[in-house]
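Asks: Sequence:
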Amino acid sequence: MKLDVNALRYLSKDDFRVLTACEMGMRNHEIVPAELVDRIAGLKHGGTYKVLRNLLKNKLVHHDCKKYDGFRLTYLGYDFLAIKTLVNRGVFASVGRQIGVGKESDIFEVATEDGTVLAMKLHRLGRTSFRAVKSKRDYLAHRRSFNWLYLSRLAALKEFAFMKALGDHGFPVPTAVDCNRHCVIMSLVPGYPLVQIRELQNPDDVFDKILGLVIRLAEHGLIHCDFNEFNIMIDDDETVTMIDFPQMVSVSHRNAQMYFDRDIGCIYKFFNKRFNLTEKGGQDGSETDDDDSGRPSFLSIQKSSGALDKELAASGFTKKEQVEIEKFIDENAEEHDSGSDDEDSTSEQDSEGGDAVSAEISSLKIVDQDPAGVPDLVVMDSDKHETLSKEHATSTSPSGENKSTDPADDGIVDPKGAESGGDDDDDSSEDTEDEDDALLTKQLNKQRKRAMAAALGRRRPLNSRNAYKDKGKGTMNSKIQRQACQW
1 MKLDVNALRY LSKDDFRVLT ACEMGMRNHE IVPAELVDRI AGLKHGGTYK VLRNLLKNKL
61 VHHDCKKYDG FRLTYLGYDF LAIKTLVNRG VFASVGRQIG VGKESDIFEV ATEDGTVLAM
121 KLHRLGRTSF RAVKSKRDYL AHRRSFNWLY LSRLAALKEF AFMKALGDHG FPVPTAVDCN
181 RHCVIMSLVP GYPLVQIREL QNPDDVFDKI LGLVIRLAEH GLIHCDFNEF NIMIDDDETV
241 TMIDFPQMVS VSHRNAQMYF DRDIGCIYKF FNKRFNLTEK GGQDGSETDD DDSGRPSFLS
301 IQKSSGALDK ELAASGFTKK EQVEIEKFID ENAEEHDSGS DDEDSTSEQD SEGGDAVSAE
361 ISSLKIVDQD PAGVPDLVVM DSDKHETLSK EHATSTSPSG ENKSTDPADD GIVDPKGAES
421 GGDDDDDSSE DTEDEDDALL TKQLNKQRKR AMAAALGRRR PLNSRNAYKD KGKGTMNSKI
481 QRQACQW
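Going left to right, the sequence shown walks through residues 1 to 487 as the UniProt record's numbering numbers them.
Between beta-carbon pairs, the in silico distance windows are:
no. : residue 1 : residue 2 : range
1   : PRO190    : GLY47     : 44 to 50 Å
2   : GLN98     : ASP14     : 28 to 34 Å
3   : SER12     : GLN257    : 54 to 60 Å
Think about it this way: if two alpha-carbon atoms lie no more than 35 Å apart in a straight line, the pair counts; the simulated DSBU-like pairs of lysine-lysine are:
no. : residue 1 : residue 2
4   : LYS59     : LYS44
5   : LYS57     : LYS84
6   : LYS84     : LYS50
Keep in mind that the hints were calculated from the coordinates and are not lab data.
Ideal Cβ positions, reconstructed from N, Cα and C, are used throughout, including at glycine.
Kindly produce the complete structure, drawing on both the sequences and the hints.
Replies: Here it is in structure tokens:
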């Protein structure tokens, strides 16, 4: 987005008050409701809505009414808030031309009251050229939802912290001046990006300086992760200055070696292509890779000059976290061993339980069929015989009526009754038939009474209680359907 600061001089205190209200509302709203903006701003006589119209005209806020009537800050409005704050602090007094643009930031010239020219970097995450923030950066940490303005603010804070710490330790970086929201103010580096340089008086010396910076950063516990010709500045005296630091990680990061080798590879590739420099041996005392290419090895670097990664909480695993992870892995290994022992014991218990079940099943045996053609089921346990006889005492006919069945008809014979004579069996069978007839008639009478009650509308039948067709209780068709279902 083009930064046009001409409208900044015409904005009043109320305008900035409403912009600040929108910023505060966006902490927990993607689109801030207009009523909430009005309450936070606290302007009298409905002045908030008049100010919002003016801000909309200057494209400092965006209006959205898809779900509800609300507003959100644009990058231009966020720029105005940051610039206004830095101007009030006295950091600079005027904004000049744009001197650089990247995939995630814009660079502008600013000047102080005494005429000193500084550089202003505005982070703009969320552009089409750089939206894979979740996979490329660790700004989100444990957060699931995010806002592009908030992520830009985190990137600016991170870059300011790295720049200030590296400058204090003597690294050739721009001087960090101030930071607010997504805006970082730093000293203007005199020179040009290395990608624009066509000739060098001493390319070997420049090459050694750049490789020395990469190794020195690793000795301090940091890896640049984007160390290429676009992020290296060289002046007329061939002095090297490195820029762009939000993506720096710790040497304890799980991908630290890959990032280190990639930075080294970018430098070798550029100098070989632009200045025809071939790969040569490493520095004094440094080991080389297995392919004898002469490149610095990540494994040969000793972290002995300080711990900037811990001081700045750089992305990656620290030594303390690695010890905790190793301890956790050891505990999991012990639990796995104990779990395997528990599985062995449970398998033994399962085998014992299986033997018990098989023994219990073997207690039920089907004896050969007698001459009458009725199989005899010999039950060893009296309690099990009682439960089986109760289950087979009644059965339902296909027409929906309940019938009482004789246990003898199903082949269930009482062991005590089996010992008695044949005459007793005949008498008992006649008595049971009479009782079955009486029970059958009684149950048929009950079914008739239920059907008549259902037809009269007093009670719904059990079979069609949850049927979809019987939802209309008042119609004649529903009554006929209920009666037909029962009969």
